[in-house]
Amino acid sequence: DQQVKQNSPSLSVQEGRISILNCDYTNSMFDYFLWYKKYPAEGPTFLISISSIKDKNEDGRFTVFLNKSAKHLSLHIVPSQPGDSAVYFCAVQETSGSRLTFGEGTQLTVNP
Amino acid sequence: NAGVTQTPKFQVLKTGQSMTLQCAQDMNHNSMYWYRQDPGMGLRLIYYSASEGTTDKGEVPNGYNVSRLNKREFSLRLESAAPSQTSVYFCASRLGVRYSYTFGSGTRLTVV
Numbered sequence: 655d656q657q658v659k660q661n662s663p664s665l666s667v668q669e670g671r672i673s674i675l676n677c678d679y680t681n682s683m684f685d686y687f688l689w690y691k692k693y694p695a696e697g698p699t700f701l702i703s704i705s706s707i708k709d710k711n712e713d714g715r716f717t718v719f720l721n722k723s724a725k726h727l728s729l730h731i732v733p734s735q736p737g738d739s740a741v742y743f744c745a746v747q748e749t750s751g752s753r754l755t756f757g758e759g760t761q762l763t764v765n766p
Numbered sequence: 033n034a035g036v037t038q039t040p041k042f043q044v045l046k047t048g049q050s051m052t053l054q055c056a057q058d059m060n061h062n063s064m065y066w067y068r069q070d071p072g073m074g075l076r077l078i079y080y081s082a083s084e085g086t087t088d089k090g091e092v093p094n095g096y097n098v099s100r101l102n103k104r105e106f107s108l109r110l111e112s113a114a115p116s117q118t119s120v121y122f123c124a125s126r127l128g129v130r131y132s133y134t135f136g137s138g139t140r141l142t143v144v
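So the protein lines, in turn, are chains A and B. Remember, this note's numbering sits 654 above the position in the first sequence when you count from 1. Remember, this note's numbering sits 32 above the position in the second sequence when you count from 1.
Calculated directly from the structure, the hints in this document are not laboratory data. All values derive from a computational prediction rather than experimental measurement. Check before you lean on any hint, since a few could be wrong.
Unchecked claim - Short derived list, chain A residues pointing at chain B, Cβ under 8 Å: (1) T680; (2) S682; (3) Y686; (4) L688; (5) P694; (6) E696; (7) F700; (8) G714; (9) F756; (10) G759.
Cβ atoms here follow ideal geometry from the backbone N, Cα and C, with glycine treated the same way.
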């Protein structure tokens, strides 16, 4: 069973607008959440993280929101830029865990 | 500052052949991981090594073996390659359980 799901395989937005990427998880023991970005032919790179004691974390144009009751994680990119076009993966970890579990990924395309 | 280095970058194998994927990190990280990426399935954990001297199975370990040679190096071996092992393989490392991963650039493996 998929413990982490990114239900949108793809998302297309206009440059300058907000991009919202979503991630749902099933296990209430997950307490560390991350987002990675991946360009073609490269490895994923870390973007932003949040622990379960917070509900929001910001880093420049990127903000991650955590809704623990809904078991839902989202990444907001404002304003979106063409260079943000990539695959975005959410990842989760249990309190006692030693590894990350990844979602399927969402392909974001930002159109000029 | 090489980070995580994977070799080779590309490989084509015939069914039944064996090979070893190499991974080395120069960041003094304790934990190392092998993932595979397949379309629509995200990143799935094959094996990991939480610390030097230990290895554990991930979600999809069948058909693979690993060796944590020392703190820097973590290799993945395919003893008898199968077409189902056609994938992109990523090695990752991190300092500890509350840190993000650093990924290598990947090995694209095709088994014919």
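Status of each hint after checking the structure:
Annotation: T680 (chain A) was flagged as interfacial toward chain B, and the flag is violated, the nearest CB pair being 15 Å apart, outside 8 Å. Contact between S682 (chain A) and chain B, as hinted, is not supported at the beta carbon level, the nearest pair being about 18 Å apart and thus beyond 8 Å. For Y686 (chain A), the interface hint holds, the least distance from its beta-carbon to any beta-carbon of chain B being 7 Å, beneath 8 Å. The interface hint given for L688 (chain A) holds, since its Cβ lies 6 Å from the closest Cβ of chain B, which is under the 8 Å cut-off.
Evaluation of the P694 (chain A) hint against chain B yields a violated restraint, the C-beta minimum of about 10 Å exceeding 8 Å. With its C-beta approaching chain B no nearer than about 6 Å, E696 (chain A) sits inside the 8 Å limit, and its interface hint holds. The interface hint given for F700 (chain A) holds, since its Cβ lies 4 Å from the closest Cβ of chain B, which is under the 8 Å cut-off. Because the beta carbon of G714 (chain A) sits about 16 Å from the nearest beta carbon in chain B, more than 8 Å, this interface hint is broken.
Here the hint on F756 (chain A) is kept, as its CB sits about 4 Å from the closest CB of chain B, short of 8 Å. Taken as an interface hint, G759 (chain A) checks out: its beta carbon lies about 5 Å from the nearest beta carbon of chain B, inside 8 Å.
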